[in-house]
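Peer 1: Since the structure of chain A is provided, determine the placement of chain B on it from the hints.
These are the residues of each chain, in order.
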Amino acid sequence: MDIQKINETVSDLGSDVRIGVYICRCGMNIAKIVDCQQVALEAKNLKGVLIAKEITYACSEPGQAEIKNDINDLKLDRIVIASCSPRLHEPTFRQMLQKAGLNPYLLEMANLREQCSWVHLDHPKAATAKAIDLVKMAVARAELLSPLIETTTSLIKRTLVIGGGIAGIQTALDLADNDYEVVLVEKQPSIGGIMAQLDKTFPTMDCSI
Amino acid sequence: MADAGRHPKITLHTMSEVAQVSGYVGNFKARIIKKTRYVVENECTACGDCATVCPVVFPDEFNVGLSSRKAIYIPFPQAVPSSYAININECMGRGCSKCIDACEKKCISFHMSDEELVENIGSIIVATGLMPYDPRAMDEYGYTRFDNVLTSLELERMVNAGGPTQGKLIRPTDRNEPKTIGFIQCVGSRSARQGSEYCSNICCMNTIKSSLILKEHTPDIQIKVFYIDIRAFGKGFEDLYNRSRKLGVQYLKGLPGSIEELPDKSLRVATENFATGTVQYHDLDLLVLALGVKPAPGTQKLQEMLGLQLTPDGFFLEAHPKLLPVDAATRGIFYAGCAEGPKDIKESVTQGSAAAARAIRLMHKGRITSEAITSEIITEKCRSCGKCAQVCPYNAITVDVKAKTPAIVNTAACAGCGTCAAECAFDAIIMNHFTDDQIQQQVNSVLSDQAESKLLVFACNWCSYAGADFAGVSRLQYPANIRIIRTMCSGRVDSKFIWRAFENGAPIVLVSGCHIGDCHYIDANHWTVKRVEKIRKKMTKLGIDPERLQLEWISAAEATRFAQIMNKMELLRQKVTGKEISDTIQIIKNQPKKLT
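Residue numbers (our numbering), protein chains in the order written: chain A, 4 to 212; chain B, 23 to 618.
Any given hint could turn out to be false.
[Said to hold, decoys possible] Pairs of lysine to aspartate or glutamate residues, derived as DMTMM-like cross-links and limited to a Cα-Cα distance of at most 20 Å, are as follows:
| hint | chain 1 | residue 1 | chain 2 | residue 2 |
| --- | --- | --- | --- | --- |
| 1 | A | 190 | B | 25 |
| 2 | A | 190 | B | 326 |
| 3 | B | 287 | B | 169 |
| 4 | A | 50 | B | 25 |
| 5 | B | 201 | B | 242 |
| 6 | A | 128 | B | 474 |
| 7 | B | 31 | A | 153 |
| 8 | B | 387 | A | 153 |
It should be emphasised that the hints constitute simulated quantities derived from the structure, not laboratory data.
Chain A on its own, in the form it takes in the complex (with noise of 0.2 Å):
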């Protein structure tokens, strides 16, 4: 998604929030432990929030296709995931509103697996009262999240290399033959560096220079 078609959702988006909370089951990872029906009940009378609803696997095909028509026909403008840790599949759902035509920062995910059903096995109700402040949170987060803008700017294509030995060398060389300019600095009057001054270099035995 190019530039300009993230800044026309950006002007799209009205004072009340519109979020869609879903809470993944993933399988049985967290439906065994946590009660995802209890916690979609509560999570659709938290403020701001249109849909929310139980989902087998959010990151499925089919579940983002699922997330991406609400999306559509409901016009969510932000969203909740209830699933596994952000470190995980926060790439995935941020792509997912990008294909939806939503800015990918206006995602906020509740970590229901890795630090929740997962840690609390034994627990199962208060894991579920868990899930539910965890969604409450993302929820009040996600009211105040904005939609961001990765900026591009220009590079200049040429690398300073800075030492003359066999490193910097390598290093000029394969920039080079890539070609890219390079700047080789180095402080001797020749490059070549320790290992211009050995005589033979292992494991070869050859001569260095």
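Peer 2: Relative to the frame of chain A, chain B by itself:
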């Protein structure tokens, strides 16, 4: 070497040093001081007529002082560029001018001066190499006292056909060929007492290589190697070691205790025989010290100039020891070779290629996308105090404190840790995607009901939050009343989040991040420590138990530690009474000035 010298895409500046680097990834500007050679580099044919007539003689650095050169010289025959240079500090100056008269091409001139060059570049490779350990510091091996003690580099030059003795190994005292030779390993390495604690990586193999060369030169030479461990771990290395042993090289475990010089200038080396517990003496014609590797001189200067980090050993610190081994934490800067740590030639070449590939990966599109999660200054609120610029680990913020102009964030250089926003006393910085309001909203939300039963944890994305995830993956169980708020860095955790948490009835607040030294944002967590200490002091002053605010470092790999700390937090929470919590709320509410 020659390839690099003649490559049309490579501009080579020798006798040059980088004096200053400004800018940021993709758009750096480097100021380079190029010392003059007093010889026109591309006209010199390296005929050597100038050096023949030069009357000034100095030790030759390339041969580590074992031979001499003139004040006008070429470091070695194959030098690139192939040009002579005058060391002006040694030259007799205009009164002499013999070299000028001798030069047929007329390319020597005293009227040349140092140049200052400015190069615009998109990326930087730090390949500043190493410095051999200076054995004078470890004089029990007698390097300064006994003439027949050489360094490994001196031996290297001596056995080289182009070296000071044309490849003939001789004893410095009598110029006879030595019949027995000893090597002492780990000189300047693996010692808590002297030199460095780390293994220098190359000296074992270098000695093995030297033993093979010596045996090739003189098959009946007797060689003894005194070592702690022989580390021949690389591809083909063990094979060389075995070859050396088969040729009769003796490897004797244990470093010498003492060295003494005998009347004939031979050396008597005393070692302990571990098998028998007795002292053994070895009389040797020549002794070679296998020098360890130290960071190159100027490493620190460059580190400060580029805003990089060093390991405790003094080498450059990579962004990640396994996954980003050639990247610096600062975007657009990469490491190659021994600048990052001792390594052999193969590894240096590998890393050089890797650094090139990383730089190409950055540059090939011709543009760079900057991080969206960056900080932003609200110029109307900024008082130009300069605090943000001071705390930014990336030097991404500039403030003209004297001119009182608002701070400016260079978003291309900002990595998004949020320390500036947490430290700004005037709320003049927005940390995008982790704004004050967004985080405050999470705190309020979690503490809106049954606050007394919950444990509020701030966890940094890279270490502690990842450690919590790892605890989950490992199915480690801990109390279910933990509520984690993720920030990119613990440096983002603003004092006001903590005060508001206590004001909202939090019994315990834990701030967690990467261990000191492992911070994903260089050293941003140093500010976390300072902030937490400050708040705890204030808590004590106000009559609030400072133990209710905790600070813990939990790495991404420390799942067990994460679970243990959560259990510890729960024990702490159970000690906090309802009265304590309500008293705290009152104390904070009654402050004449809102605590931030």
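Peer 1: If a hint holds in the structure, say so; if it does not, say that too.
Peer 2: Outcome of the hint check:
1. For the suggested pair residue 190/A and residue 25/B, the alpha carbons sit about 19 Å apart, so the restraint of at most 20 Å is met.
2. A C-alpha spacing of about 18 Å is found between residue 190/A and residue 326/B, which places the hinted pair at or below 20 Å, so the restraint holds.
3. Under the criterion of a C-alpha separation no larger than 20 Å, the hint pairing residue 287/B with residue 169/B is consistent with the structure, at around 8 Å.
4. The suggested pairing of residue 50/A with residue 25/B is violated, with an alpha-carbon distance near 67 Å, which exceeds 20 Å.
5. In summary, the hint linking residue 201/B to residue 242/B is supported, as the alpha carbons are separated by about 8 Å, within the 20 Å threshold.
6. Using a Cα cut-off of 20 Å, the hinted pair residue 128/A and residue 474/B holds, with the two alpha carbons roughly 18 Å apart.
7. Using a Cα cut-off of 20 Å, the hinted pair residue 31/B and residue 153/A is violated, with the two alpha carbons roughly 32 Å apart.
8. Proximity of residue 387/B to residue 153/A is assessed by CA-CA distance (about 15 Å); at most 20 Å being required, the pair is judged to hold.
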